[in-house]
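Undergrad: If you want the building blocks of each chain, they are given just below.
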Amino acid sequence: MGFIKAKYNAPGGVHPAYHKDLAAEQPIVEMPLPASLVVSMSQHLGKPATPTVKKGDSVLRGQVIGESAGFISAAVHAPTSGTVKLVAPVATAAGPQATAITIEPDGEDTWVEGISPCPNWQALGKKEIVEKIAAAGITGMGGAGFPTHVKVSPPPETEIDTLILNGAECEPYLTADYRLMVEKAAEIWQGALIIAKALDAKTIYVAIEDNKPQAIAAMQEALPAEAGDAQVVELKTEYPQGAEKQQIFAVTGREVPAGGLPLNVGIVVENVGTTLAVWDAVVNGRPLTERVTTVTGGPVAKPGNVLARLGTTTADMVEFCGGTSGAVAKIISGGPMMGFAQADMSGPTTKTTSGLLLLGPESVHAYESMPCISCGRCVGVCPMNLMPNELSQFLEAEDYETAEEYNVMDCIECGCCAFECPAHRPLVQHMRRGKTQVMINRRNQ
Amino acid sequence: MLDVIIALVPALLVSVTFFGWNALRLTLACVITCLAAEALSRKAMGRNLGIDDLSAVITGMLLAFNLPPTLPTWMAVVGSVFAIVICKQLFGGIGYNPFNPALAGRVMLLISFPVFMTRWSEWTIPSPIGMDAVTSATPLGLVKTAVTSTGALPFTFDGATMLQLLVGNQNGCIGEVSAAALLLGGIYLLIRRCITWHIPVAYLATVAIFSGILWIHHPQQNLPPHFHLLSGGLMLGAIFMATDMVTSPVTKRGMLVFGGGCGILTVLIRKWGGYPEGVSFAILLMNAITPLINRATRPRVFGAPKGGKKQA
Amino acid sequence: MTAVIQTAITIGGAGLACGGLLALAAKFLAVEEDPRVEEVNEILPGANCGGCAYAGCAAYAEAIVLEGAAINLCAPGGAEILNKLAEATGQTAQQAEHKVAIVLCGGEVEHAPRKFDYNGVADCQAAHSTGGGDKACTYGCLGYASCARACPVGAIEIINGIAKVHPDLCISCQACVKTCPRKLIKMVPYARKIHVMCSSKDKGPAVKKACTVGCIGCTICTKLAEDEAIKMEGFLAVVDYDKDLDNDTVIEKCPPNCIVRI
Amino acid sequence: MTEYVLLIIGAVLVNNFVLTRFLGICPFLGVSKKLPTALGMCGAVIFVMTSASAVTWALQHLVLEKLGLGYLQTIAFILVIASFVQLVDIAMKKFAPPLHAALGIFLPLITTNCAVLGVSVLNVQLKYGFLKAVVFGFAASLGFSLALIIYTGLREKIDRANPPKAFEGVAIALVTAGLLSLAFMGFAGLVK
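Protein chains in written order, with numbering that gives the first Met the number 0: chain D, 0 to 444; chain U, 0 to 311; chain P, 0 to 261; chain Z, 0 to 191.
A few of these clues could be false.
[What the hints assert, rightly or not] The calculated lysine-lysine pairs, modelled on BS3-like cross-linking and capped at a C-alpha distance of 25 Å, are:
no.: 1; chain 1: P; residue 1: 26; chain 2: Z; residue 2: 93
no.: 2; chain 1: D; residue 1: 201; chain 2: D; residue 2: 6
no.: 3; chain 1: P; residue 1: 208; chain 2: D; residue 2: 84
no.: 4; chain 1: D; residue 1: 434; chain 2: P; residue 2: 177
no.: 5; chain 1: P; residue 1: 202; chain 2: P; residue 2: 185
Derived from the structure by calculation, the hints contain no laboratory data.
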């Protein structure tokens, strides 16, 4: 009942060593308040929020400290009560600078007033649900960080019939979503029903890879009656099953048009973490101030899944997990395939930090990239059916028009080609460089 | 790259057993010259040495396998220098050359030194009537001269001759004589995933079908398909030369088209061309067409309209 | 004698026939085109360098004739092309000042440490978008030679870690200005020789951590330079190139000696 | 009929005008940057070569030989070819301006293209009848187009190569053309 195997499988895909065993069995542990929190204004896709507090102000937990600055943007709330120490630019995980508010917690963790829980959310209309989500500053927590209130209120003429909960978590090492599904299955289903109501979606699917049997069992068991013919869909374990377009195809067989959005085929995909945050926002009325992040990797003494306030620095998180045992050669915010390497441990976690990965010297290699010998392995594994070998040679010769002709804009930067390339060519960086330049050229035209 | 060298060892052993010191002499000359040429040209171009990727060794061995046993050493050296310097390093080293260096080297030698490149040692054909005919031409050479002059086949292709071709007791270039040794190497490469089956299978199938049609249409003037499969440089070309990743298409469909094209051209040249053996020319011509094949067989982008333009 | 006549008649006849055919074709398939555009296009150097911000000389010619674009935008052309353009279009010729490009960053390898070792594509835009660039200073020149590759005349060279423009080679086509992801390259008058080699907007202490020759905003130079030739923009000293600045005390007195004469 | 087929195979594969007779090399090198431009060039060359070989044959046999002015052959041929090229130039400017801009200087260059003049002179030397001359002209232009299309595919690959400084640009293009003609020598003897 409520369980099917995925009938389709997207093209390409690779099987990296998953190393999930490091943190998979560790239950979610709440982290006490650290010494200081660095809350970045750019925790989402779109324009960074504009700060509404200045140095010296005292704030309460859940108080808006950054207003949404436009349609595609999201509000930022104080993760705890305390005083604002500094408002200054800080590097985000991806690299560019964004203003960040440093708060020194006062330890009381008092909530701002005006938190209005609403247990029987069924009485709420679609508009109220979207407003509550927007007020809570919920964004996609899988990694992209697209503001959820925008995703949940598609343009009127589009007709959404299916909601897919993305529980694939195909990125190696990361187990945050897995633990959420095992421990909070019922609440996630409630969140799903809320989103489905906002979208008028008829069927709900939960897509989980078959290397997470307990998660499948937990979600199947917690399936509520009012979810109707909702199904838990078991996907073949393959990276990148978690990519939106590939997951939609695997679950429903529909192909999102290249350059288009999932809503063009009547589907919205929402991460299980985001769904839980929606439940928390609508039912408990609490804005998004904390999230579960997997802190894992060889050098981490006690890898685990940590429920930490937004803005906790990497150093504090690693300290909470027993500090580092052995040399650290690389610090990655996110997973090894799509995460961003960090220069040091000072970076704060944000709404989109699903993992903090520390790698020892033995698993970090600096390669000298060789010319491409057209072996075609990257063409075989590209989930978007592109030709990474030709694209990387065009981009190496700085020929951006032909790269655009060969669909560089459809690249989802999943990293399969670079993972597979025997000549260790920086393929994903070529694609990213190409996409930036094509967008610059389009703007200059 | 090491796997390719291991796959070539069986053919090397067979060639040493049949042609003795000549085979060793040529192979060593080619390999050493290729390595030296690559090292010197990389230094001259101020690039990293890069000979540790063993691609020069493979080019040397493959070029040697395409040479007749009695070829003077200096010609082998000239061929190797041409293959490495002109056909590969001039384009910027591994990965940039449009043509297979070993093949281009062999074709250059064939056209520059036609006499030396077509002088073979003795071998006997065990004819069914008991009288072994001694000749100094390759099976294909014999067929070409006989068919063009007398219009009849020079020998009947029966079990005994087939076994000869399989084992390698025949005339020809040092590496191409034994089909069995080459097939052994090919299977090793398939297991080690250095090559995919698409090009060799497509190539051999097209040759078999095309020569089969000719054979059925005109049995007196054409030899059966399995003769064409086992003779000349086909096995060496299909398994080792055509599957060179740098100069062959990237997509699976492209590889099938490439193999088919090579097959048609090989039989075309063997049947009507001026040269007895068409494998080298066929593969070189298909190398030239590979960029167009790559362009034509691009996979449909995920999400692009079916059957429509490739991009959205 | 008859052979000469015969030749003349034959070839002359064939020529006349072809000429007639072409005349007919030219009439029926005529494509109207403004002759002045062709004339202006002839005057322009034809380097298609884009310095005039048009897609090439032909596009600039059309812009001049049809849209009345300014005629002094052709930097490589210099004075004599400007005068010819003035005659052709009947406009007055005011000489545009000869400007050259300069990279406002002095943070060479030994002055500006790197915060992580970057093992990716050797391109400034690629390095800049990987973790915000591998240089400790988030404003400084990364030295991956994107501007050098973009320069049509090879006037830019990477000298121990940062890009340097040779003023005499620069044809002021501004290709490098567009390429630099950190917008460090400015067009400055050729005559001006003294420059503040820094573009960092950070405060003094932050700059000191990132680079030993960065401008720490101590404002000494603004006081020494006569009639405000150097002004402070936030914590960064910026030269006002309209004013002629030529005193060496500014160079000696700058604590991190960030001001140089090129 | 087979005689014409053999003639076409002979002109396209065996003695290809560009790769074996080495005629018409400058448009071959100049236009082979991008495939669309190359295809445009093939169209122009096919039209000009076929019609030029027809008209030059007529001019030679009906006019020059009748009047004993055989020695005027080259001038007369160039005159006719030039006017055909001018005709194509005007027509293309009217109907396909982007292609006309892309071809640029290489379109009028067909006038002095030795392949076009070559086919006209060969028609006369080999004493072909009218129909044979036209078929030979058409076959020669097909050979030119085949070589140009294959070569354009190669050029797009080697433009991305990084040869040593001295060999960048046309030098490496000529080396590739040499290797391509080496491959085409395989067709030698295909047609007696």
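Undergrad: Determine which of the earlier numbered hints do not hold for this structure and return their numbers in increasing order.
TA: Going through the list in order, the structure violates no hint and respects every one.
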